[in-house]
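**Q** With the sequences and hints as input, model every part of the structure.
Protein chains: 4
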Amino acid sequence: MTLRDLISPEQRREFLEKLKKIHLNNIGKTLMDKNDPIHCENLIGGTILPMGVAGPLKILNFKFQISNYYIPLATTEGALVASVNRGCKAINFSGGTTTAVELVGTTRGPVFETAGIKESLKFRDWLDNNFSFLKKGAEKTSSHIKLMKLGTRTNGRYVYVRFYFDTSKAMGMNMVTIATQKIVETIEKAAKIKCLSLAGNFDIDKKPTWLNFIFGRGRRVWAEAIIPEKIVNEVLKTTPSRLYDVWLAKCLIGSAMSGSLGFNAHYTNVIAAFFAATGQDLAHVVEGSLGMTTTKILENGNLYISVYLPDVMIGIVGGGTKLIIKKEALSIIGAKSSSELAEVLAGAVLAGEISLLASLAEGSLAKTHDRLGR
Amino acid sequence: MTLRDLISPEQRREFLEKLKKIHLNNIGKTLMDKNDPIHCENLIGGTILPMGVAGPLKILNFKFQISNYYIPLATTEGALVASVNRGCKAINFSGGTTTAVELVGTTRGPVFETAGIKESLKFRDWLDNNFSFLKKGAEKTSSHIKLMKLGTRTNGRYVYVRFYFDTSKAMGMNMVTIATQKIVETIEKAAKIKCLSLAGNFDIDKKPTWLNFIFGRGRRVWAEAIIPEKIVNEVLKTTPSRLYDVWLAKCLIGSAMSGSLGFNAHYTNVIAAFFAATGQDLAHVVEGSLGMTTTKILENGNLYISVYLPDVMIGIVGGGTKLIIKKEALSIIGAKSSSELAEVLAGAVLAGEISLLASLAEGSLAKTHDRLGR
Amino acid sequence: MTLRDLISPEQRREFLEKLKKIHLNNIGKTLMDKNDPIHCENLIGGTILPMGVAGPLKILNFKFQISNYYIPLATTEGALVASVNRGCKAINFSGGTTTAVELVGTTRGPVFETAGIKESLKFRDWLDNNFSFLKKGAEKTSSHIKLMKLGTRTNGRYVYVRFYFDTSKAMGMNMVTIATQKIVETIEKAAKIKCLSLAGNFDIDKKPTWLNFIFGRGRRVWAEAIIPEKIVNEVLKTTPSRLYDVWLAKCLIGSAMSGSLGFNAHYTNVIAAFFAATGQDLAHVVEGSLGMTTTKILENGNLYISVYLPDVMIGIVGGGTKLIIKKEALSIIGAKSSSELAEVLAGAVLAGEISLLASLAEGSLAKTHDRLGR
Amino acid sequence: MTLRDLISPEQRREFLEKLKKIHLNNIGKTLMDKNDPIHCENLIGGTILPMGVAGPLKILNFKFQISNYYIPLATTEGALVASVNRGCKAINFSGGTTTAVELVGTTRGPVFETAGIKESLKFRDWLDNNFSFLKKGAEKTSSHIKLMKLGTRTNGRYVYVRFYFDTSKAMGMNMVTIATQKIVETIEKAAKIKCLSLAGNFDIDKKPTWLNFIFGRGRRVWAEAIIPEKIVNEVLKTTPSRLYDVWLAKCLIGSAMSGSLGFNAHYTNVIAAFFAATGQDLAHVVEGSLGMTTTKILENGNLYISVYLPDVMIGIVGGGTKLIIKKEALSIIGAKSSSELAEVLAGAVLAGEISLLASLAEGSLAKTHDRLGR
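Residue numbers (my numbering), protein chains in the order written: chain A, 1 to 374; chain B, 1 to 374; chain C, 1 to 374; chain D, 1 to 374.
Please note: incorrect hints may appear among the correct ones.
Since the list gives no way to pick out one identical chain from another, each pair is judged satisfied if it fits inside one copy or across any two copies.
Unchecked claim - Straight-line C-alpha distance at most 16 Å; calculated EDC-like pairs for lysine to aspartate or glutamate:
no. : residue 1 : residue 2
1   : Lys-192   : Glu-119
2   : Lys-29    : Glu-14
3   : Lys-327   : Glu-17
4   : Lys-118   : Glu-102
5   : Lys-296   : Glu-113
6   : Lys-194   : Glu-113
7   : Lys-327   : Asp-33
8   : Lys-194   : Asp-245
9   : Lys-194   : Glu-362
10  : Lys-122   : Glu-102
11  : Lys-63    : Glu-119
12  : Lys-118   : Asp-33
13  : Lys-20    : Glu-229
14  : Lys-140   : Glu-102
15  : Lys-296   : Asp-245
16  : Lys-29    : Glu-234
17  : Lys-322   : Asp-33
18  : Lys-182   : Glu-234
Note that these hints are calculated values from the structure, not bench results.
**A** Shown next, in the form of structure tokens:
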């Protein structure tokens, strides 16, 4: 008898417990709500991440609305929630953060093979000329999907096409896969060009890439704040000049010396915790790590600081967000759209940058980790 | 009254529930074992991820031991566990996967500022000459830490130093931060060189970088298998040649066209699920996304396939692995060292690559996601 | 007396000869035609590069015209001309190379500074809305220039704008600088946004970048050929399979292992020699090094091979092409447009790739260099 | 009759002149010294580049010697020599530039194929254990070569090995190719591992790569100067603060936004002109484009500025430097070693950076190009 023959989480746990002489009580007890639409094969139970909450964080968003948000963060890393919280405090004392967001689109990038250069370029033109036709077919696969545009790069016999979709409130990777499959079938039939792979790493999904950095993917988001010198001193326990020096040496020159696609202090920490809490796909943490923090000491001595994340894959419906416990976390934020959610994320990331850069500037990083850390 | 004044998870939940008019029942009920050493500030409860198990996977590891492993994966992405499972099946029918692992070291990379080039280079020499002295001091901060080596790059007034530590069974980032803080204090005192930032993005922690790709970080791991043509046909429903074509067009040429640091199909999916299940730091998923898959059709028509992950940050003690539910997941694997755990991860990643590449080759990706997906 | 006070090449040479006790006879004798429009300050004479010629190379170009081209190459590297020549021979025996070309545009990318995110995005919209207005002004600076489009990226207070120009038969970097200066003045006046730098490394001129790889710059060019197995054996002294293995291991996997933007064997060798011969700006050799070679063994056993160069900055008038000796070299090629010249370059690059890959495959590289080399 | 049948430059020119109905008088008259060891096949004559001279430039080099250097630059780009000259003037008024240099080694990086991971790692150990043996054999191929070290990266069946050589006064690429060929033959015989390609793009020669940026190649060089505020104002017509802002927005943030490996203003312009004048391999201009400029406004208001070039491939003997006209240009500099030559280059590059950044800061770039340009 093997695991493959078993049909319930209980049976699978029992099998593993006997085989390995172990206990899986906690995994077993971690049952999700029975109404949860769980999509995980060979289920044996669940795992848990502790969840804290940071905030409130005052945000002036792209639609010129001011709101205060609480930010749920699921993490096992001590000091992270405290750090974001301190950043929120500094931001709030400074009047809040201004954010902006822009839909780039969820992308799928199949690769096709032709007989050579001429056919590749002809196919590219065909794609441009048949956009409406392809769009019509793609949008039949779901009422929540719009094909926004396509982009093509040809390289010898290879033609890479990037389809950009508006997937409404969902991150939408699955929808997009199905819609692109439809497009590919249409192309193979109508243009007689063979698709080598539905996903040709020109999407490019869940990998750190310059294509996504430069073109963006999902949503581009920005957040900024001007922290008065006094707040830098009192809340962040450092000076604008010291914090600026750390930023320059670390986020710009250090990142350049390392060949990095992340010119920031620690976007990923905040993104991973935010994604885990709110039911996003954890593999998309990779893409969220791209981006750049900037700082400037203004003429009046205050500190300007901003974050720019070109590749945020996020949604408020679909995927992991369907789980009731994730819905609860989303309700803490209360975002009515994926764009609003992305702006809150950007604000949280900004708070995290402010706090860590300040901590490095005042030299307290090791101490904090010693106290709050693992 | 604000969130900051509240002292228990219950109070915080109640506060948020009233303020936002929401219910946080599931978050509240997701209590961890009371003996859990939870490191998460402003705790309001926990979040859950469904956990499935793939395997068994037959591994011939670096120490020439053969074992069968079950692999816990926590995910909300439908089809992922099934996909890894199918890869395991193909590997097992082929005699198993051979893996190898190598400790690179957990790194911290502070940045120092000097008066200019000459002093920078003199300081670099000082570091080399005082390695034993620094090592001695660093290793006093923990009995689990060894300073392995250091590497230096100078750029004008900036000196970036990368300290490599063996942190035994732990991933060790916190240990390493504390040990490096000690080193920095010694340097500032003995060499009279100012440290600008304890973490100068030359570590480089939680960012996708060529430095980590080329030098490695944490552990380098490899896994490979030779899948007989018959197994490719029968289990994977495709041919070696078709799978090879997808790999070449997607993982190599497609990744190159996109400026990617990941020349693979979807390492990140497996790594994120494995990390979430076993208590690793989810922000390190970013680093795990680096690496390259290779395939080759051998003279007898069988398919050689390998994965190479240069930057795996992983541990079996410390951090999230201390939570009892994570210990349970680790007990399913039963790895006795971080290196063994890394080899199992590499095997699981290989299984994931085999399955997804086959799925793309046979054109079934969209169908599978439609059936098992969100 | 210093060099600055001297007004003729003769005086400067005499000054240096006395000061350093050296002879500069050859530099002095290397006088260009007296009608030459030399743009080099503090002139002391000229330097020489030996020039050879490869070809003929049979090209079927984008306009479906077949021509045979001779290719002048100026180099001090032994074996280079012979290598390109061998590639031409293999191509001709195979029926010639098919090429294609596409104008991307010569770009300038100034950087502006705003008060923050909102103003940055508002400015971006302003640019889009005022494109015709800016275009009109820019095109007044030269009758040879057309503003094709602009692209913007904002990052906090920074706004990077990339202006794409059609500069007709010239490479046009100077024209573009002057036109962009005009645009910048208009912007500063009309939009009240400060320009920090006319050239903000978003052009991006003379640096190896993913922006140029992905978006292209100057012209994108392609060339391909199908070399029958027999020709591979007889002319190239190797087999399609051996050549393919070298290509895969070197140009794809090796380049990926090295974090390269050039996935090719040696584009730069051919480009540097071609640029030196034909009066192109030698600093643009950097950009020409980007790109990718692909090969495939077709079902009939023949070898498909292609080159793709996304960033070719080239012209047939202006700059160094004005020198009479460069005009002579250009007359050997006889290209009537920059696009045609770029296609010839791509053909020459393809010939170089074929020859070097074959040489590596048959293991003769070292021998050849020993015989023909320096 | 074809070009291949002709045996003299005169015959080849005559053939081309008749065929294309053109005149090649200047190319024909550009005869090099008859004693020149010309390595260019199918020779038809030579081409010319105008040569100017910048300087003097006062350098305090790594061996604490102060010298004044004149710098020959061959270019067709108007304003370049004047620009470097202005930079030299600013540097000299500031007491000169401090430079440093370090030999990394000229590298060759063959790729080998094994049966899989275990054999790859075993082979890596074999290489480490047989270093002296390989070194001995390699050094028999030339009395000017020393094998310094080797580095290995394995990826499945692929093993990439990077051999670092000290090639004395020569850039040495040919020497290194021959020595590596010898090593490869030894390996194939003694270790029974097949070499796929003598050059596996792990050298990595003439391509822009992170491997070379991070590890260096040829020589690493640095140069710096402290320009008093007064000199910035009077000679450079701008302010330290304005120049700093341009540097930050262009060389750091702009380069990062573009995915660049060059974090500088225009290293390549100076390197191309210096290489053309002094007989270096023009294809190596690509590697010289890597590197980073830093600036800082010191507490007293003066401007610190430095350049760092990690990948300078340069020599004073061999290759193009054998041509008498190149020897003359080298005699203007008078460097006694390749390291000294590299330091002069770094000084010239620094001068170029200072001048261009100042020009962009004062907004005069377009005007200068309009006046001096093409």
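**Q** Among the hints numbered above, which are violated by the structure, and what are their numbers in rising order?
**A** Hints 12, 13, 14, 16, 18 contradicted; others consistent.
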